[in-house]
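Asks: Chain by chain, the residues run as shown.
2 protein chains.
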Amino acid sequence: MAERRPSDGPASRLSDTAASRPRADRRRVVIEGVRPQVDCGSLPAKATQALPLLVSATLVADSHDPLVAYVRHGPPPGPQDAAELPRSWKEIPLDAHGNDRFAAWITPPRTGAHEFALVGLPDDYGAWLHYLRIRVDVGQDVTLDLEEGAAMVQRRRRTASAGDQRALDALAARLRSRRSAAARLEIAERPATVALMRRTADRSDATVAGPFPLWVERPRAGFSAWYEMFPRSEGADPPHSGTFRTAACRLSSIAEMGFDVVYLPPIHPIGETHRKGHNNVARPGPGAPGSPWAIGSSAGGHTAVNPELGTLADFDAFVAEARRLGLEVALDYALQASPDHPWVKQHPAWFRHRADGSVRYAENPPKRYEDIYPFDFESEDADGLWAALLRAMRFWANRGVRIFRVDNPHTKPLRFWQWLIGEMHQSHPDTLFLAEAFTRPAVMRRLAKIGFSQSYTYFTWRNAKWELEQYLLELSQTEQADWFRPNFWVNTPDILHATLQRGGLPAFRLRAVLAAIAGPSWGMYSGYELGENVAVREGSEEYLDSEKYQLRPRAWDRPNTLVPLITELNGIRRRHAGAVAQLNTLRVHHIESEHLLCISRATPANEDVLLLVVNLDPFATHDGWTWLDLNTIGIPGDRPFVARDELSGASYTWQGPANYVRLDPAVAPAHVFSLTAS
Amino acid sequence: MAERRPSDGPASRLSDTAASRPRADRRRVVIEGVRPQVDCGSLPAKATQALPLLVSATLVADSHDPLVAYVRHGPPPGPQDAAELPRSWKEIPLDAHGNDRFAAWITPPRTGAHEFALVGLPDDYGAWLHYLRIRVDVGQDVTLDLEEGAAMVQRRRRTASAGDQRALDALAARLRSRRSAAARLEIAERPATVALMRRTADRSDATVAGPFPLWVERPRAGFSAWYEMFPRSEGADPPHSGTFRTAACRLSSIAEMGFDVVYLPPIHPIGETHRKGHNNVARPGPGAPGSPWAIGSSAGGHTAVNPELGTLADFDAFVAEARRLGLEVALDYALQASPDHPWVKQHPAWFRHRADGSVRYAENPPKRYEDIYPFDFESEDADGLWAALLRAMRFWANRGVRIFRVDNPHTKPLRFWQWLIGEMHQSHPDTLFLAEAFTRPAVMRRLAKIGFSQSYTYFTWRNAKWELEQYLLELSQTEQADWFRPNFWVNTPDILHATLQRGGLPAFRLRAVLAAIAGPSWGMYSGYELGENVAVREGSEEYLDSEKYQLRPRAWDRPNTLVPLITELNGIRRRHAGAVAQLNTLRVHHIESEHLLCISRATPANEDVLLLVVNLDPFATHDGWTWLDLNTIGIPGDRPFVARDELSGASYTWQGPANYVRLDPAVAPAHVFSLTAS
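Protein sequences, first through last, are from chains A and B.
So in this note's numbering, spot 96 of the first sequence is number 96, and the numbers just go up one at a time.
So in this note's numbering, spot 115 of the second sequence is number 1115, and the numbers just go up one at a time.
Keep in mind that the hints were calculated from the coordinates and are not lab data.
Certain hints may be false.
[Stated by the list, open to error] Rough simulated footprint, nothing fancy, chain B against chain A, three-plus residues with beta-carbon under 8 Å:
{"#": "1", "segment": "25-38"}
{"#": "2", "segment": "261-275"}
{"#": "3", "segment": "441-450"}
{"#": "4", "segment": "542-554"}
Note that the structure is a prediction, hence the values are computed from the model and not measured.
Beta carbons are placed, not taken as given, at the ideal position from N, Cα and C, and that holds for glycine.
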């Protein structure tokens, strides 16, 4: 059993190299660059239950001898396991990937805290075998080598099981027999022999790195399709609001489109003071419902339901109906209050105050947001505030809500989120958190590192080929993939990108394909399927007559919507879930054309490979030749393979890296090929 | 005083986020990505005495408020400093560099162990001032803001000195006075006011990261020019060897060329058994001196001097003469033995043995190196061996040698080097170690991380523009610069690159300029100045009649050598030492031509800027326009500046990024411009 010495873990001080250390440290292997990892193991990296996870590291030693490496993983050790890696942990060998990088896939079996460690040692038998093979090939005398091999085999007895001891004795005898060198080499090379020698290797001088922490979340964390809707619009007859009851009628259509999560903007009572009117005008007209993010009125705050939507029981029924249809409800967790929120009077210490005692509203000078009071997370009663906010989340968690889309987390202290998520991991460990933080990269990354299960991204603003390629590579091929799960939203109530405004339905289609196939998770705000694309003014990303400020009942059964395409996309995702869920196997392939993007998605061993070719131009046909990196998707270069377009049903026979594609936006925005090697 | 809480250091476990933590952690700032750092602070990063060191980190917090950041540094704390960062440590503010990156230069004052920590906190005063400024600009009422500012000022009294308290009181009074808003804004913005508010800020909720360890080495570690010579050739009259006495006569020429270090291949007795002959033939002719790396004979081993070179006293005199001329002697530390080494008989356990009891010689099957016995670092008497090898190094250190060029460290255990260097840091802390490890990147990097002061690199094999740019960027712009000090050797006794073989003296010139100006340290093996470029056979990098196997007395005073150029280059280096020693300010500039390479070297604040333009083609003239990144070298774009070519003495007036250069290899291989903004 390998000793658990913190050899390559963090923070051993300089004095460790001083004379006080045992002089001859026989551990020859050094382990570095372990992934997945967050900031020196100070936070857990992310994993998803039942989804293979790539563990990798750099292992080096002196000389040119081969190394063997293993990853061991399991639940965090109990106090009795202090000295060693637990015997119950699984062990998987790592494969050499070149440039001293070793990797293997492990599959975390259950959610919650999990750990892994790396073990490395010189492959003494492999080195001996390598020398033997070369010598036999050139006809050198191998008498001494075979004797040394037999001696190595015999030394293994000491740490071997009884059965293995017998096998070792037999092997030693064969190496010492009078057979030819070639024959004895053949015995030595047999997979069973190599396995025996690997299995019985003495690990006293193995190097151990770790353990490193993982937080394993349920499958929906790593693979989900989100639909955002405002319940108050569904079944509304302005000025009469829709309710949970009428909104529940929409759920079956959402489920039929293949979505997993229904996300609702805040469902709480809405303030009246400084309520915003249609299109965010300062003076609301009569019947203006206000912004759902202006939370709190005399009817209650963060643990109440807007009476216009119904009662708590109506909410429960909505959640139950969603569950019946295979959907999960996500709520918006927005930490701010309207001036009418009960806490303003009950807990004035929870808000910032001006010098004249008035409550400080949100500002980005010179802009003023007088309908929003931010909380004071550093106030004298910070403990009380933090506790109340946690209670509010647990209130909804106890009602069966286990996904929260968190509004603007970057304007609340980072350590608050770290604490809150940690608390929820204790009480409701299956809770997922989506960070809606459109801010600077370092902040977005920190939120992901401290525990947000998924994150909104810059996806909406990545439209040209070069910027999509760069962004997808950053998300999938850098260490960011260890702790950042992107959720690609094609639109939100705040973001109607110019591409959609200008490009109409063809643009809506290409962006939907991109989000749904490139993203392990993707999201859509209702109205997208109808191609709603009118902005409030030229150059703005705000919708005209935004649903944030008014009721927007829609006629869903008009012709010529994106519903068939969206349904198809979510179906493709589910049929190829193993490939779509794997972020770090995403590869960019070369394709000649500034307007065509070509990426692949694949399961770890390329059993299931999707190849997406998207025409990023909604206006014109484009064509060109691919130059596929076949090796990376496990397709042999020397024989044909089948590319079946899952969108159209058409199949093509391709061969080699160069294959022709042509996409007319009037016909289809993309090919979503499923590749099968023949 | 900032509390020393290990906030963002390594390895706090998941349980830290559990309910057992204090609920409201008021530390808003998060510190990540600290540089310089080696593997999570597990090893010290490198610094050089009196050379500015760039410390940087990512600091983020919630909201958009500005942050202030400081670096504190000093000698490692004693036991009495356990809870806090030592009061004696210096403190320097960090500047914002964009994208949440902050940086500052610190200059380690002395050699040895040193540490630094980062402190970050929200800039409450800066945030307030920012809001005030905007409001005043647009004419909003600022009555409340000014009162809140005064209150903030008064809260500072609690942690302020008596003098600062008076200043704070005065400031608060002014903010509350009846002056105009604009006038009070002006007072608030004054640098002295900002400084006062920064100085008196309450740091109880500051975030501290670190301390992080540094190992500061003497200036020669970060800036050195090396000359390699075989003493036995200097003054030789074959078959009569040169000696330390005759070799000492060469030292003044080496010093005049401007070198700092004279590196000698192994000076120990050379084995007779299996001695290699001229050009590495198996049978030595009479008088063949053998390879100096086949160490050990009846005359002694690693602590003896080859009698053909003289006595220990002669060696001491050689070292003294070098010192008198301002040179330092570096010895070759080669851990292997010839079959005649005394240890083979005295300590058989220190060698590997075949099954028949014979000593195992070095091999890379099917090649055999029968004149070399590697040591067995894992033997039963590993402790004895390690101790003897350390004693051997200390033997020479005690004779005044404080630089060791280590032969093939990658074939000896990595932990041995870590231990040895650690031991030497205790007994002879001014010792420098140069790793000669031509091997895979991960191994070369690990050797640097564990303490080798300098490293040979892939420089010799980087000849085309694209590969030089890529390699220089890797060395200077990645985290490798935190722990890897490159030494650019233009040739070694083992490496005569094809570029030199084919290109003759013009190639020798361009490679010398490249090494000497791009490299903080560079090295040359004797004969280079004469343009020796005949290989043993076509396609080989071995010299014909290699000095490794025979005496090579040279006639130094022939005409048409590189001596004037080399002297000029070392002179330029010394006149611009601050720029040449700074690895991470190296920048690559665009220049139109596949054959021209353009890089800059600069002191931290661009007080001294060198611009190198090299023609990489030894055969033809090339020209083109630069596109300089002026901002990065501190040259204003809107007025002329002077480019003085230190090689030719000619001056040019340039302006803007686009400037014309033309280089004819028959005239000069390069321009080495010193730039002066006017």
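Asks: Next step is simple, just say for each hint if it's right about the structure.
Replies: Going down the list of hints, with the structure as the test:
1. Only when three residues or more bring their CB closer than 8 Å to a CB of chain B does the claim for the segment 25-38 of chain A stand; here the count is 6, and the claim holds.
2. Three residues within the 8 Å Cβ limit are the bar, and the segment 261-275 of chain A against chain B gives 0, so the coverage statement is violated.
3. Look at the segment 441-450 of chain A against chain B: 4 of its residues bring a Cβ nearer than 8 Å to a Cβ of that chain, three or more, so the hint holds.
4. Judged by the Cβ-Cβ criterion of 8 Å, the segment 542-554 of chain A is not covered by chain B as claimed, because only 0 of its residues qualify and three are needed.
Going through the hint list in order, the structure does not satisfy hints 2, 4.
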